[in-house]
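In order, the protein sequences belong to chains A, B and C.
So the first sequence is numbered by the numbering used here: it starts at 928 and just counts up by one.
So the second sequence is numbered by the numbering used here: it starts at 37 and just counts up by one.
So the third sequence is numbered by the numbering used here: it starts at 37 and just counts up by one.
Heads up, some of the hints might be wrong.
[Said to hold, decoys possible] Residues of chain A clear of chain B, computed beta-carbon distances all greater than 10 Å:
{"#": "1", "residue": "Q1082"}
{"#": "2", "residue": "L1108"}
{"#": "3", "residue": "V1143"}
[Said to hold, decoys possible] Taking beta-carbon pairs under 8 Å as the criterion, some of the chain B residues facing chain A (in silico):
{"#": "4", "residue": "Y77"}
{"#": "5", "residue": "A78"}
{"#": "6", "residue": "P147"}
{"#": "7", "residue": "L148"}
{"#": "8", "residue": "E151"}
{"#": "9", "residue": "L154"}
{"#": "10", "residue": "Y159"}
{"#": "11", "residue": "Y162"}
{"#": "12", "residue": "Q164"}
{"#": "13", "residue": "V166"}
{"#": "14", "residue": "T200"}
{"#": "15", "residue": "F213"}
{"#": "16", "residue": "K228"}
{"#": "17", "residue": "L229"}
{"#": "18", "residue": "K233"}
[To be verified] Pairs of lysine-lysine residues, derived as DSSO-like cross-links and limited to a Cα-Cα distance of at most 30 Å, are as follows:
{"#": "19", "chain 1": "B", "residue 1": "K86", "chain 2": "C", "residue 2": "K146"}
{"#": "20", "chain 1": "C", "residue 1": "K236", "chain 2": "B", "residue 2": "K146"}
{"#": "21", "chain 1": "C", "residue 1": "K236", "chain 2": "C", "residue 2": "K138"}
{"#": "22", "chain 1": "B", "residue 1": "K146", "chain 2": "C", "residue 2": "K207"}
{"#": "23", "chain 1": "A", "residue 1": "K1089", "chain 2": "A", "residue 2": "K1048"}
{"#": "24", "chain 1": "A", "residue 1": "K1126", "chain 2": "A", "residue 2": "K1141"}
{"#": "25", "chain 1": "B", "residue 1": "K138", "chain 2": "C", "residue 2": "K236"}
{"#": "26", "chain 1": "A", "residue 1": "K1051", "chain 2": "B", "residue 2": "K233"}
{"#": "27", "chain 1": "C", "residue 1": "K86", "chain 2": "B", "residue 2": "K138"}
{"#": "28", "chain 1": "A", "residue 1": "K1126", "chain 2": "C", "residue 2": "K199"}
{"#": "29", "chain 1": "A", "residue 1": "K1048", "chain 2": "B", "residue 2": "K86"}
{"#": "30", "chain 1": "A", "residue 1": "K969", "chain 2": "A", "residue 2": "K952"}
{"#": "31", "chain 1": "A", "residue 1": "K938", "chain 2": "A", "residue 2": "K952"}
{"#": "32", "chain 1": "C", "residue 1": "K199", "chain 2": "B", "residue 2": "K146"}
{"#": "33", "chain 1": "B", "residue 1": "K170", "chain 2": "C", "residue 2": "K146"}
{"#": "34", "chain 1": "B", "residue 1": "K228", "chain 2": "A", "residue 2": "K1051"}
{"#": "35", "chain 1": "C", "residue 1": "K199", "chain 2": "B", "residue 2": "K207"}
{"#": "36", "chain 1": "C", "residue 1": "K228", "chain 2": "B", "residue 2": "K146"}
{"#": "37", "chain 1": "B", "residue 1": "K86", "chain 2": "C", "residue 2": "K228"}
{"#": "38", "chain 1": "B", "residue 1": "K170", "chain 2": "A", "residue 2": "K1048"}
{"#": "39", "chain 1": "B", "residue 1": "K146", "chain 2": "A", "residue 2": "K1048"}
{"#": "40", "chain 1": "C", "residue 1": "K199", "chain 2": "C", "residue 2": "K114"}
The set of hints was computed from the structure by calculation and includes no laboratory data.
Quick reminder that beta carbons are idealized off the backbone N, C-alpha and C, glycines included.
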Amino acid sequence: MSSEKKPFWLKPPWQVLFDLARLSKVRPWDLNIATLLSSFLKEMKQMGYVDFNASGTALLSSSIVLRLQSERIFEAEMEEEKKGFERIFDYVPPPLQLPFRFELTITGLEDILAVLDEVLKAEKAGALVKVKRVEPPPGDLFTEYDKMVLQWEQQLETFYDKLKASIPEGEILFSKLAGGLPWKEIVKIFLMLIFMASKGLVELYQAEEFSDIKIVLKSKAVEGESRLET
Amino acid sequence: MKPENPAAGQPEKTGAPAKAEKPKKVVNEREARRLIEAALYASGYPLEPKTLCSITGITSKRLVSEIARGLAESYRVKGGALEIVELEDGRFVMQLKSRYVKKIRRLTLKPLLTEGPLKTLSYIAYRQPVPQAKVVGVRGPQAYQHIARLLEMGLVEREKLGKTSILRTTKIFADYFNLSRDLRLMRRQLEKLFEEKGWKPGEEETPPMSQAGQKLPAEVKTAPQPA
Amino acid sequence: MKPENPAAGQPEKTGAPAKAEKPKKVVNEREARRLIEAALYASGYPLEPKTLCSITGITSKRLVSEIARGLAESYRVKGGALEIVELEDGRFVMQLKSRYVKKIRRLTLKPLLTEGPLKTLSYIAYRQPVPQAKVVGVRGPQAYQHIARLLEMGLVEREKLGKTSILRTTKIFADYFNLSRDLRLMRRQLEKLFEEKGWKPGEEETPPMSQAGQKLPAEVKTAPQPA
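Work out the full structure: start from the sequences and follow the hints.
The structure is reproduced here in C-alpha cells:
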C-alpha cells in the first residue's frame, strides 16, 4: 500500500497508536497522548465520517500508554523505596524527650450532658443504624503505601527464592505450582508472577487464552547458559 | 457490671498496707516532690495517693500524702495562680485558682474532645457497661474511630466477653468529670444532673448546646467527690 | 456536686468575686505575674508578649516580658518539675521538664510519643535535611510510621525533591527545645543536648539497648539512656 492510500492515522504522528509493536518500544513519557488524540479527532472530523475501528484502537493504545506512564512512575517510586530498605549504618543520637505541655480543656460535664440528650434521643427514636464492621480509617496514604510496597517486596523475594529452590529445572506449569491451594493463594501467586515477569525475573508463556501458563525462571535460564558456556 | 471496688473513690485508709506495683528505687523527698508535681501537672485531674506512690516509688501512702501536702503548702506560700488541693477523699489535684479561670478565657483553649467522640463518650458513660456493637448501632460506624480515640486517651476501657466487646468508662473519666467511680452511682449522678436541668433524657427538647468558651475550665478541674 | 457552678468544690474561699472579665486596667505586677502564670499554664503552647499584654492589661510588651522573665526565674529558683521558657523569638511557654515526661506518661490524656518515634525524630533533627529513604535505612521500616506520626504532630515536614522525599524539623520542634531555626546552629545546639545525654557524635562505642526485640543494627547503635 502506498503511503498516499494509507488512512491518515497510519501516518506519523498517529501511526504509533496503531502499531502495537512500536508502541511497546517507545518511551511512554515521550508521547503526548492528549495532543495526539485531539489532533486525531480533528483529522477524523475533517474526514467527514468516524471510523470506529480506528477510534477504538486509538483509545486502546492511549490507555496502554497511560498505563505505561503510570507504571514508570510506580517503578521509580519502587526503586526509591527499595533503596530505602537497604540497611544503612549511621550513628543515631539518643531520643530527645519532648517536654510535656499541659492544656486546659474547655470540656466540662455540662458538655457531656448536652450531647448525651441528643444521643439518647437518637437511641429512643430507634435510629439504630445497621453497621458493618468497618476497618479503622486509613492512615497516611504514603505510609500505607510504603508498608504495602515493603510487604509486597518481601513476599515477592521469599516467593522467588522458594521458586528457585523448588524447581531446579527452571520451569513449571502454573497448575502444578498453584494446584490444591486456596483460591486466595492462587490469586496471590498469580499476581506475584505477573509482578516478577514485569521485573524480568520470570517469563510467562500461555499458548492460548485460558490454557495453562508455563513459568520459566529467567535466572535459571541465564545460569544454565552460563554453565553451558563454561 | 464489672465488680467495682465499692471503696473506690472513697477516702483511703492510710493505715492500709500499700502495695506498690513495682517497688522502685526510693527517691529522695525533694525528687519525690518534683515527681508528684509532674504527675499532678500532667494529669490535670485528681490523683490518689496510690498513684503518687507508684510514680515516686514510695511505698507509704501516708508519706506520699505528706510530701504532696508539703508541695501544696509551698504553692500556697508562693501565692501564684496555681494551687494544689487535697480533696476530701485524700486525692490531690493541681488547678488554676478559680479567679484566674475567667481571665484566661480569651486564649484559644481546645476542647477535650470534638463533638462526635464526646457524644460517643457520653453515651458509653450513660449506658455502661455497654456492648460496643450497641454503641456503634446508636452512634454509627464512625463510633469505631471515636472508641479508638477514647481508648487511647484512657477515658474508656474495653473488655472482651466472649465475642462481644464491652465498653465502660475508666477511673480517669470519673476523676476528670468529677463523677463517682461506681458505675451505678455515676449513672444516678448523671440522671440527677439531667433532672436538675429539668431535662428528661432523650425526651424533651434538646437543651441549648453549651457554647464553647462558656464552659469554665474550672469545671474540668474536679471538686471533691460527693459522699 | 453542683456542675452549674464551675467553681463548686474549689476549696478557695477568697470571697473576691471574679468580676473583671476585661482586665484592661493596669494590674499590679504581682497580679500580672499570676495572670501570666495562669495563661501559660492553661494554653499549653508558647504565648507572645502581645497575648500576655492582653491578658494582663499591660500595654508595654517589654514590661510584660520582664514580668514573665521574673516568673520564669522564680520557677528556675524553685527547682520544681515545671519550667517556664522564653523562646528565641520572645514567646514564653510553660512545660514539664523533659526528664519527668516518661514517668507521667500513663497519666496524661494527651497521647505522647514513645521511644521509637523519638529516636527517629532525634535522627532527623541531627541529620536534617535528610532523605526519607536514609532515615528508613538507618531506623528500619517502622520509621515510616514514626515519620507519619511526626508529620501529624507537626514536628517534622516533608518536601519532595524530584523523586526523593526530604525531611526536616519544623518551628514547632525548635519551639520545644528552644533551638535556633538556623540549621547549622541548631545542629550544634543539638550536639550539645546529646552530649548532655552522654552521647558523642560519631562515637563507635554504643552499648546495646536494654530493651528486647531491638533487631535493627541502627537501634543497637544508640547511646545508653539516662536512668
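Okay, the hints, checked on the actual structure:
no. : hint              : in the structure
1   : Q1082             : 28 Å, holds
2   : L1108             : 30 Å, holds
3   : V1143             : 47 Å, holds
4   : Y77               : 6 Å, holds
5   : A78               : 6 Å, holds
6   : P147              : 5 Å, holds
7   : L148              : 4 Å, holds
8   : E151              : 6 Å, holds
9   : L154              : 5 Å, holds
10  : Y159              : 5 Å, holds
11  : Y162              : 6 Å, holds
12  : Q164              : 12 Å, violated
13  : V166              : 11 Å, violated
14  : T200              : 13 Å, violated
15  : F213              : 5 Å, holds
16  : K228              : 11 Å, violated
17  : L229              : 6 Å, holds
18  : K233              : 7 Å, holds
19  : B:K86 - C:K146    : 22 Å, holds
20  : C:K236 - B:K146   : 40 Å, violated
21  : C:K236 - C:K138   : 23 Å, holds
22  : B:K146 - C:K207   : 21 Å, holds
23  : A:K1089 - A:K1048 : 60 Å, violated
24  : A:K1126 - A:K1141 : 17 Å, holds
25  : B:K138 - C:K236   : 48 Å, violated
26  : A:K1051 - B:K233  : 20 Å, holds
27  : C:K86 - B:K138    : 19 Å, holds
28  : A:K1126 - C:K199  : 20 Å, holds
29  : A:K1048 - B:K86   : 40 Å, violated
30  : A:K969 - A:K952   : 26 Å, holds
31  : A:K938 - A:K952   : 17 Å, holds
32  : C:K199 - B:K146   : 38 Å, violated
33  : B:K170 - C:K146   : 27 Å, holds
34  : B:K228 - A:K1051  : 19 Å, holds
35  : C:K199 - B:K207   : 49 Å, violated
36  : C:K228 - B:K146   : 34 Å, violated
37  : B:K86 - C:K228    : 38 Å, violated
38  : B:K170 - A:K1048  : 15 Å, holds
39  : B:K146 - A:K1048  : 27 Å, holds
40  : C:K199 - C:K114   : 52 Å, violated
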